[in-house]
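J.: Since chain A is already given, all that's left is putting chain B on it; use the hints.
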Amino acid sequence: MAISLGFHIIYSCIGMVMPLFMAVSHYKWIKTGDPVYKNITQAWSKGVAIFFATGAVSGTILSFELGLLWPKFMEHAGPIFGMPFSLEGVAFFIEAIALGFFLYGWNRFNKWFHWCTGVIVGISGIASGILVVSANAWMNNPAGFDYINGQYLNIDPIKAMFNGSWFSEALHMTLAAFSSTGFAVAGIHALMIARKRNILFHTKAFKIAIVFGAAAAILQPFSGDISAKNAAKKQPAKLAAMESYFHTQRYSPLVIGGIPDTLNKRVKDGIEIPGLLSFLVNDNFKQPVNGLDKIPKQNQPPIAITHITFEIMIAIGSVMMGIGLLYFIALWKKRSWLTKKWFLDLFILSTPFGFIAVEAGWTVTEVGRQPWIIQGIMRTSEAVTPMPGIHYSFYLFTFIYFTLSVAVIYLLSRQIKMVPELYDRKT
Amino acid sequence: MLYIVITFLFLAIVLYFLLGGADFGAGIIELFTSGKNKSRTRKTSYQAIGPVWEANHMWLIIAVVIMFVGFPVIYSDMCTYLHIPLLIMLLGITARGTAFAFRNYDAIKGERTQNFYNHIFVYSSFITPLFLGIIAGSAISRQIDLHATTFLSAYIFSWLNYFSVAVGLFTVALSGYLAAIYLIGEADDDTDARRFIKKARFMNILAVIFGGMVFLAAELENIRLAHFIFGNPISLIAVIAAAISLIMLWVMIYKGKKKIIRVFAAFQVTMILLAVGYMHFPYFIMIKGSENLSLLTLHAPPKTINDLGWGLFIGSFLILPSLFYLYYSFQKKEIV
Numbered sequence: 009m010a011i012s013l014g015f016h017i018i019y020s021c022i023g024m025v026m027p028l029f030m031a032v033s034h035y036k037w038i039k040t041g042d043p044v045y046k047n048i049t050q051a052w053s054k055g056v057a058i059f060f061a062t063g064a065v066s067g068t069i070l071s072f073e074l075g076l077l078w079p080k081f082m083e084h085a086g087p088i089f090g091m092p093f094s095l096e097g098v099a100f101f102i103e104a105i106a107l108g109f110f111l112y113g114w115n116r117f118n119k120w121f122h123w124c125t126g127v128i129v130g131i132s133g134i135a136s137g138i139l140v141v142s143a144n145a146w147m148n149n150p151a152g153f154d155y156i157n158g159q160y161l162n163i164d165p166i167k168a169m170f171n172g173s174w175f176s177e178a179l180h181m182t183l184a185a186f187s188s189t190g191f192a193v194a195g196i197h198a199l200m201i202a203r204k205r206n207i208l209f210h211t212k213a214f215k216i217a218i219v220f221g222a223a224a225a226i227l228q229p230f231s232g233d234i235s236a237k238n239a240a241k242k243q244p245a246k247l248a249a250m251e252s253y254f255h256t257q258r259y260s261p262l263v264i265g266g267i268p269d270t271l272n273k274r275v276k277d278g279i280e281i282p283g284l285l286s287f288l289v290n291d292n293f294k295q296p297v298n299g300l301d302k303i304p305k306q307n308q309p310p311i312a313i314t315h316i317t318f319e320i321m322i323a324i325g326s327v328m329m330g331i332g333l334l335y336f337i338a339l340w341k342k343r344s345w346l347t348k349k350w351f352l353d354l355f356i357l358s359t360p361f362g363f364i365a366v367e368a369g370w371t372v373t374e375v376g377r378q379p380w381i382i383q384g385i386m387r388t389s390e391a392v393t394p395m396p397g398i399h400y401s402f403y404l405f406t407f408i409y410f411t412l413s414v415a416v417i418y419l420l421s422r423q424i425k426m427v428p429e430l431y432d433r434k435t
Numbered sequence: 192m193l194y195i196v197i198t199f200l201f202l203a204i205v206l207y208f209l210l211g212g213a214d215f216g217a218g219i220i221e222l223f224t225s226g227k228n229k230s231r232t233r234k235t236s237y238q239a240i241g242p243v244w245e246a247n248h249m250w251l252i253i254a255v256v257i258m259f260v261g262f263p264v265i266y267s268d269m270c271t272y273l274h275i276p277l278l279i280m281l282l283g284i285t286a287r288g289t290a291f292a293f294r295n296y297d298a299i300k301g302e303r304t305q306n307f308y309n310h311i312f313v314y315s316s317f318i319t320p321l322f323l324g325i326i327a328g329s330a331i332s333r334q335i336d337l338h339a340t341t342f343l344s345a346y347i348f349s350w351l352n353y354f355s356v357a358v359g360l361f362t363v364a365l366s367g368y369l370a371a372i373y374l375i376g377e378a379d380d381d382t383d384a385r386r387f388i389k390k391a392r393f394m395n396i397l398a399v400i401f402g403g404m405v406f407l408a409a410e411l412e413n414i415r416l417a418h419f420i421f422g423n424p425i426s427l428i429a430v431i432a433a434a435i436s437l438i439m440l441w442v443m444i445y446k447g448k449k450k451i452i453r454v455f456a457a458f459q460v461t462m463i464l465l466a467v468g469y470m471h472f473p474y475f476i477m478i479k480g481s482e483n484l485s486l487l488t489l490h491a492p493p494k495t496i497n498d499l500g501w502g503l504f505i506g507s508f509l510i511l512p513s514l515f516y517l518y519y520s521f522q523k524k525e526i527v
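Line order of the protein sequences matches chains A and B.
All residue numbers for the first sequence refer to the numbering used here, where the first residue is 9 and numbers rise by one.
All residue numbers for the second sequence refer to the numbering used here, where the first residue is 192 and numbers rise by one.
This is chain B alone, in the form it adopts within the complex:
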């Protein structure tokens, strides 16, 4: 049962990166779109994510709940040592979610208020994945020090280091990339689609640059990331699969296949997460100078894990079909 719960945890995190990430990406794209095209981008992304964005963000709640019910010690340490980035991420989530809802449900569409919501939306869409990435990076950066004695070393340098920040930027680029790929298939006409393709290319290049920085920073901080990924067959296969699917994706884009590319993009991100997740498993948080926090030892008592597993299992029977139907119903029909 423990493995089922861990699978759900991993699944929730991956889906949050994919779906929530694409949501953030829509804001990031808006941030990088110049004046006159902004409102068109906004319209397309609203049509695409309006009905589903609340559901996309539920994965985070599911992941958090699994953490604090199933792995309370890990959750508690994470909340203590990564208090500050978590707080900033929460601020981002709040600002972003409300600004998005408010700009659509404000009964009076005044220019100033709409602009205000837009600003909050795009900047928080940038901040949130940045800190999400920083948190993810910190979890594996070995900078969390349970025996730290000063405020700075315990609560600041745990997350403010080259590696975590590089992972944060990488996450931002990936989110933008996911969103751009997704929006290509939602575009109203060819000009829009071409614009999204350009954005996807831009974000893809950014992601490669930031990805390189992640490895560079890892070397600087003495994190043997490259060694781990390339020394471990499953992670290596995952990375190669991601690279192949990236090539396929661009081939498909130029062939005009607008829907299938989503599968490739999602596949790449999943593979990256799988590579990282697998090479660290069963450790969830790497600790400086002492034992890492392992999902296999620091879990809740078996009865709790058992009940949690059943709860998630039954819950997913209710959630997944209706979620698929939701996505299906609000898919943009192919332009004939």
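Excised from the complex, chain A in its bound form:
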């Protein structure tokens, strides 16, 4: 399941954001009449089609997987947190319809109608993403029911959907989708510019992608701060594990880097900044933050994984923010940088950064919730299917996702390879 979601999260990030890039380029084409933008739109729309097809089947797999692997979880949780899923089904449906119009509608419809269908693809994609994340937020911060003597009573799916964490998680994920996809798309186009292929085409494509990517990367730390404050309130175990913060103390320190040593309850080789954690969580340097010692051993998540993936996410996020700032400096003050080799290399290098950070962040939120599948209510071990031999299904799902990813990468590389042949003649 975790692996399926790990793949799916990347398909969906791209599926959420690419249509909007496509719509921006499409808008520019309609406004300026510059055929390069039309080519970019069409080239990207093929990417969108590939990702939508993959995302759609992978979403179908997931909706079954929930039941196939976690029947007990779904039996109880379905009626409570299913609302966003049903709405997501609707949003996804609309996206599929709009995509049909968009992909097959060239020269068939009024150009603004056609443009609108592309925009609807983008909006419903983002809406689906937010809805699904809100379901995940519910697992972290269950709401909308009363848990009395092992019974789920007074269920209110709307309250469950707007649980205390939905906003912070949705914001964080949407920005992550924009920055990771923006950087990845920009990186690929930067590589093509560096190789001196279709420079005009790739430069314009690069610009659209990176403006979104950089802006989102700069905003992301603020949303991260909101998320962390929320975790401190609702999931103290997760926050403590993220920070590898073992002993509750005043002037709680923030630990940067290092490897947590769970036996001796300390972090090896990390840099401690006293008071900073208190400040980030409570807005003052003195007030203590609850550490792992406040949490019973059997309710603690795996500390090392949570801490290290968290550090990876923060490190990459900071680098991406830096690169994002650099881009805007270049755009406004130092235009000469834009064509420099080192500048392009920087973006080529950072192509996978966003997705690595997304995977790391996903690991933080899921591993950090363990041993619970529903925070404080149901343990993951109670939720798994009773069918024996379940690991075979697990291998099969892993195999499917692995194959899908290889196929998608293969197809995209072929798309990129064909850019000169497909789009040169027209320009």
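Derived from the structure by calculation, the hints contain no laboratory data.
C-beta atoms are modelled at their ideal positions from N, C-alpha and C, and glycine is treated no differently.
Any given hint might turn out to be false.
[As the list claims (entries may be wrong)] The following residues of chain B were derived to be distant from chain A, with all beta-carbon distances above 12 Å:
| hint | residue |
| --- | --- |
| 1 | SER225 |
| 2 | ASN228 |
| 3 | ALA292 |
| 4 | ASN309 |
| 5 | TYR353 |
| 6 | GLU377 |
| 7 | THR382 |
| 8 | ILE431 |
| 9 | ILE438 |
| 10 | TRP441 |
| 11 | THR461 |
| 12 | PRO473 |
| 13 | LEU503 |
[Said to hold, decoys possible] Cβ-to-Cβ under 8 Å is the rule here; a few derived chain A residues that face chain B:
| hint | residue |
| --- | --- |
| 14 | GLY75 |
| 15 | PRO79 |
| 16 | MET82 |
| 17 | LEU107 |
| 18 | LEU199 |
[Stated by the list, open to error] If you anchor each label on the Cβ, the simulated ranges turn out as follows:
| hint | chain 1 | residue 1 | chain 2 | residue 2 | range |
| --- | --- | --- | --- | --- | --- |
| 19 | B | PHE342 | A | ARG387 | 23 to 31 Å |
| 20 | B | PHE504 | A | HIS255 | 51 to 59 Å |
| 21 | B | LEU511 | A | MET426 | 49 to 57 Å |
| 22 | B | PHE504 | A | PHE402 | 35 to 43 Å |
| 23 | B | GLN238 | A | ILE267 | 56 to 64 Å |
| 24 | B | LYS229 | A | LYS342 | 55 to 63 Å |
| 25 | B | LEU351 | A | VAL327 | 27 to 35 Å |
| 26 | B | GLY301 | A | ILE38 | 30 to 38 Å |
T.: Using the frame of chain A, we list chain B on its own:
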């Protein structure tokens, strides 16, 4: 509100059988078309289903979502005891959907890669409805045993029996039939149209044979299918209506009415599903030796059903008009 949700569930399942089924059928037809006509068939079916196929498959997602939000206990039992066929069906859906998209969006149309996609597409188009039918058959075959003690009886014989397999084959034939009827109206010229008519006849005969096998298997497995269908006025009327419309359909084909026949074909399949659905209602899954799983008792709490109903209701206002417009826009205009 519960009845509204059940109606949506039934609607989503019927539409998935009709639209998704016709999609699978396009692959099945391709499988049964000989070498030189293959690429023409492929071209026609691509033109016909290209813009709409993603939307056709959304009905399955809607049905699944209604199941796990509205009827979680039934969904959970289904996923546990029919784990294996569901898994195979998913594999089929995945392989088929991606192969279809990839063969059109692969920028380099190499012969070997295209052949590879085609193979995956046609075989998975066969496997998926087969297992879809097996799952549907298993739901009413009374072979699911909540007290099973061995792996085989709990997870294998729940779906591997004559009846379920016969329903699976019947579903395959019906899908092929739906697709052939649909494609008659999409054909570029008369030769193509005649070929699709031949295919439709072939699939129709297959469907009748497999349909007979379903009844035979039902007798073998002690499922009183015939008794239920013919002993229940609504189901009986539905079956008779389907039979009449089948005759009308062939009359129309020979009169050259290429669009109206779709309505008849869709009507037949809907009637078959209605007959089966009605005779089992309110049971969704029949259980061996204990109480069947009923939609009327094993549903989510009222508040959830209420919200789900509203969600679906509002959603359908957004979905249905745009979906109709999509089909309308990409209809092949009648050849003048």
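J.: None of the hints should be skipped; say for each whether it holds.
T.: Going down the list of hints, with the structure as the test:
1. SER225: holds (29 Å)
2. ASN228: holds (25 Å)
3. ALA292: Incorrect as stated: the minimum Cβ-Cβ distance to chain A is 3 Å, not above 12 Å.
4. ASN309: holds (15 Å)
5. TYR353: holds (24 Å)
6. GLU377: holds (14 Å)
7. THR382: holds (26 Å)
8. ILE431: B:ILE431 is indeed farther than 12 Å from all Cβ atoms of chain A, at 34 Å.
9. ILE438: Holds: least Cβ distance 35 Å, greater than 12 Å.
10. TRP441: The claim holds: B:TRP441 sits with its nearest Cβ about 32 Å from chain A, beyond 12 Å.
11. THR461: Since the minimum Cβ distance to chain A is about 20 Å, B:THR461 lies beyond 12 Å and the statement holds.
12. PRO473: Given a closest Cβ separation of 18 Å, the condition holds.
13. LEU503: violated (7 Å)
14. GLY75: holds (3 Å)
15. PRO79: Holds, about 4 Å.
16. MET82: holds (5 Å)
17. LEU107: holds (6 Å)
18. LEU199: Nearest chain B Cβ about 17 Å off; hint violated.
19. B:PHE342 x A:ARG387: 23 to 31 Å: holds (25 Å)
20. B:PHE504 x A:HIS255: 51 to 59 Å: Holds, since B:PHE504 and A:HIS255 (Cβ atoms, about 54 Å apart) stay within the stated range.
21. B:LEU511 x A:MET426: 49 to 57 Å: violated (38 Å)
22. B:PHE504 x A:PHE402: 35 to 43 Å: Given range 35 to 43 Å: holds, Cβ gap about 38 Å.
23. B:GLN238 x A:ILE267: 56 to 64 Å: Since B:GLN238 and A:ILE267 have Cβ atoms about 59 Å apart, the given range 56 to 64 Å holds.
24. B:LYS229 x A:LYS342: 55 to 63 Å: holds (58 Å)
25. B:LEU351 x A:VAL327: 27 to 35 Å: violated (54 Å)
26. B:GLY301 x A:ILE38: 30 to 38 Å: Holds - the Cβ-Cβ distance for B:GLY301 and A:ILE38, about 34 Å, lies within 30 to 38 Å.
When held up to the earlier numbered hints, the structure conflicts with 3, 13, 18, 21, 25 and fits the remainder.
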